[in-house]
Amino acid sequence: MNPPPPPRSLVAELTYRCPLGCLYCSNPVELAKSRAELSTADWSRAFAQAAALGVMQLHLTGGEPLLRDDLTELAAAARACDLYINLITSGAGLNEARLDALRAAGLDHVQLSLQDAGEAGADYVAGVRTHRRKIATARMIARLKIPLTLNFVVHRLNLDRVGAMIDLAAELGARRVELASAQFHGWALLNRAHLMPAREQNDRAEEIVRAAAERLRGVIEVVFVRNDYLAGRPKPCMGGWGRGTIVIDPAGRAMPCQAAASIRGLEFPDVRSATLEEIWRDSPVFNAFRGYDWMKEPCRSCPERERDFGGCRCQAFALAGDATATDPACALSPHHRTVLAARTESPASSEPIYRAAEGGRAAFSRQ
Amino acid sequence: MDAAAMERRGMNSDAGGAWRPRLAAGVRIRVDPADGRERLLFPEAALELNETAAAIIRLCDGRRALAEIVRELAGQFGDATALARETEEFLAAMRERRLVE
Numbered sequence: 001m002n003p004p005p006p007p008r009s010l011v012a013e014l015t016y017r018c019p020l021g022c023l024y025c026s027n028p029v030e031l032a033k034s035r036a037e038l039s040t041a042d043w044s045r046a047f048a049q050a051a052a053l054g055v056m057q058l059h060l061t062g063g064e065p066l067l068r069d070d071l072t073e074l075a076a077a078a079r080a081c082d083l084y085i086n087l088i089t090s091g092a093g094l095n096e097a098r099l100d101a102l103r104a105a106g107l108d109h110v111q112l113s114l115q116d117a118g119e120a121g122a123d124y125v126a127g128v129r130t131h132r133r134k135i136a137t138a139r140m141i142a143r144l145k146i147p148l149t150l151n152f153v154v155h156r157l158n159l160d161r162v163g164a165m166i167d168l169a170a171e172l173g174a175r176r177v178e179l180a181s182a183q184f185h186g187w188a189l190l191n192r193a194h195l196m197p198a199r200e201q202n203d204r205a206e207e208i209v210r211a212a213a214e215r216l217r218g219v220i221e222v223v224f225v226r227n228d229y230l231a232g233r234p235k236p237c238m239g240g241w242g243r244g245t246i247v248i249d250p251a252g253r254a255m256p257c258q259a260a261a262s263i264r265g266l267e268f269p270d271v272r273s274a275t276l277e278e279i280w281r282d283s284p285v286f287n288a289f290r291g292y293d294w295m296k297e298p299c300r301s302c303p304e305r306e307r308d309f310g311g312c313r314c315q316a317f318a319l320a321g322d323a324t325a326t327d328p329a330c331a332l333s334p335h336h337r338t339v340l341a342a343r344t345e346s347p348a349s350s351e352p353i354y355r356a357a358e359g360g361r362a363a364f365s366r367q
Numbered sequence: 001m002d003a004a005a006m007e008r009r010g011m012n013s014d015a016g017g018a019w020r021p022r023l024a025a026g027v028r029i030r031v032d033p034a035d036g037r038e039r040l041l042f043p044e045a046a047l048e049l050n051e052t053a054a055a056i057i058r059l060c061d062g063r064r065a066l067a068e069i070v071r072e073l074a075g076q077f078g079d080a081t082a083l084a085r086e087t088e089e090f091l092a093a094m095r096e097r098r099l100v101e
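One line per chain: the protein sequences are A and B, in this order.
Note that the numbering used here gives residue 159 to position 159 of the first sequence, counting from 1, and the numbers run on in steps of one.
Note that the numbering used here gives residue 97 to position 97 of the second sequence, counting from 1, and the numbers run on in steps of one.
Keep in mind that a hint or two might mislead.
Distance windows between CB atoms, simulated [as the list claims (entries may be wrong)]: (1) B:Arg-63 with A:Asp-270: 44 to 52 Å; (2) B:Glu-44 with A:Asp-160: 21 to 29 Å; (3) A:Ala-41 with B:Ala-34: 23 to 31 Å.
Calculated cross-link-like contacts (lysine to any residue; reagent style SDA-like; alpha-carbon spacing at most 20 Å) [unchecked claim]: (4) A:Lys-145 with B:Ala-24; (5) A:Lys-145 with B:Glu-96; (6) A:Lys-145 with B:Arg-28; (7) A:Lys-145 with B:Glu-44; (8) A:Lys-145 with B:Arg-98; (9) A:Lys-145 with B:Arg-22; (10) A:Lys-145 with B:Ala-25; (11) A:Lys-296 with A:Arg-233; (12) A:Lys-145 with B:Gly-62; (13) A:Lys-145 with B:Ile-29.
These are computed hints drawn from the structure, not numbers from a lab.
C-beta: ideal position from N, C-alpha, C; glycine also.
Required output: the full structure, derived from the provided sequences and hints.
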């Protein structure tokens with residue numbers, strides 16, 4: 001096999017700890033198993049290896065990356081190898097002194113999550129009182145002239161307010177706003193029946209987003225990520241398995257995507273015992289779904305395979321029980337009926353399940 | 001639309017003439033060690049720049065006006081009229097994406 005083209009981005013999941021309990025969180029449901037975290041030196045070495053391999057973009061995420069006391073040090077290490085540094089955060093724990101230090105260390109951009117346009121809806125989804133503080137944090141980021149993207153994960157509980165979300169993002173001085181349909185992995189899969197929008201609700205929201213994107217062209221970039229259960233087409237997950245991205249989880253396991261550990265039977269190399277180059281080029285897990293030879297029908301002979309790569313491997317495993325199957329989000333999948341059924345399923349319980357944060361639900365200041 | 005929004009869209013009266021383009025905050029240009037080509041880095045992507053585009057971007061320092069950028073490049077990249085049009089179109093598109101301001 002030819003050596004694969006180089007990876008372009010590294011997703012560093014610095015910790016799974018998070019003070020929020022968002023219903024749509026795509027972190028693994030079994031968080032307790034992964035309490036160990038890489039050291040500052042381990043991460044710094046991984047950044048240098050990634051840069052040497054061709055990575056240009058670094059996404060510092062979690063969990064909540066600000067819970068790492070060494071975050072500024074990590075940013076400096078990344079900048080030393082000229083990586084573009086994007087901090088993906090809930091903002092919890094960010095103050096002006098820390099943001100200033102991060103910027104001085106080389107932080108390029110912040111992506112701040114908001115859960116809704118208004119406080120009541122947002123705090124319900126997060127499971128903690130956090131919205132007001134986030135708004136103040138967004139203003140602080142804008143005041144320090146650090147480029148800001150606001151990310152709203154959208155679903156049945158908030159899709160009716162996409163217009164207000166976009167207006168809020170423009171008012172807060174964001175350069176970009178993402179309205180990303182909940183992807184049903186991790187906690188979001190547990191809460192799917194609570195989060196799945198009706199087709200009409202989704203289409204109405206998409207229309208509002210389209211109009212707002214046009215109206216605000218040149219002022220703020222507006223992006224909508226579609227719900228693949230409703231689209232009838234699978235998402236080109238990660239731009240293809242092992243094609244451009246390396247994810248490293250808090251414990252140091254290298255993976256082709258953030259949900260890959262949900263696929264049973266895969267073994268993930270540890271960045272402390274192999275170099276990223278060896279992992280990228282030679283590890284069985286990164287080669288597992290590269291190219292097209294692993295595909296089954298209908299993907300194998302489908303012209304779309306070069307665009308969507310058969311969709312999401314984790315979703316194929318979760319819904320079809322087979323990671324080499326066509327993503328059931330595809331209307332051509334023999335398992336597509338599970339997706340059709342999920343569009344109209346009713347919740348098994350009236351209460352959604354909050355992501356267990358450190359210390360579990362009891363640690364939250366619930367409303 | 002308020003005045004600030006109009007200005008961001010380049011709708012002020014001297015949009016072409018007095019505009020001194022510069023990279024927006026959070027946008028960087030660097031050489032990609034993998035292939036030696038120049039790329040524009042911003043939060044969502046790394047945009048590959050051809051030789052002309054990279055030369056234009058390198059001159060977007062907030063001091064040079066659009067016309068000066070074109071003048072400096074005319075020697076390197078041939079036909080001045082076509083270059084002026086291409087530069088203006090390229091930078092307008094970059095501004096719309098908020099990569100240049």
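query = Quick check: which numbered hints come out false for this structure?
reply = none
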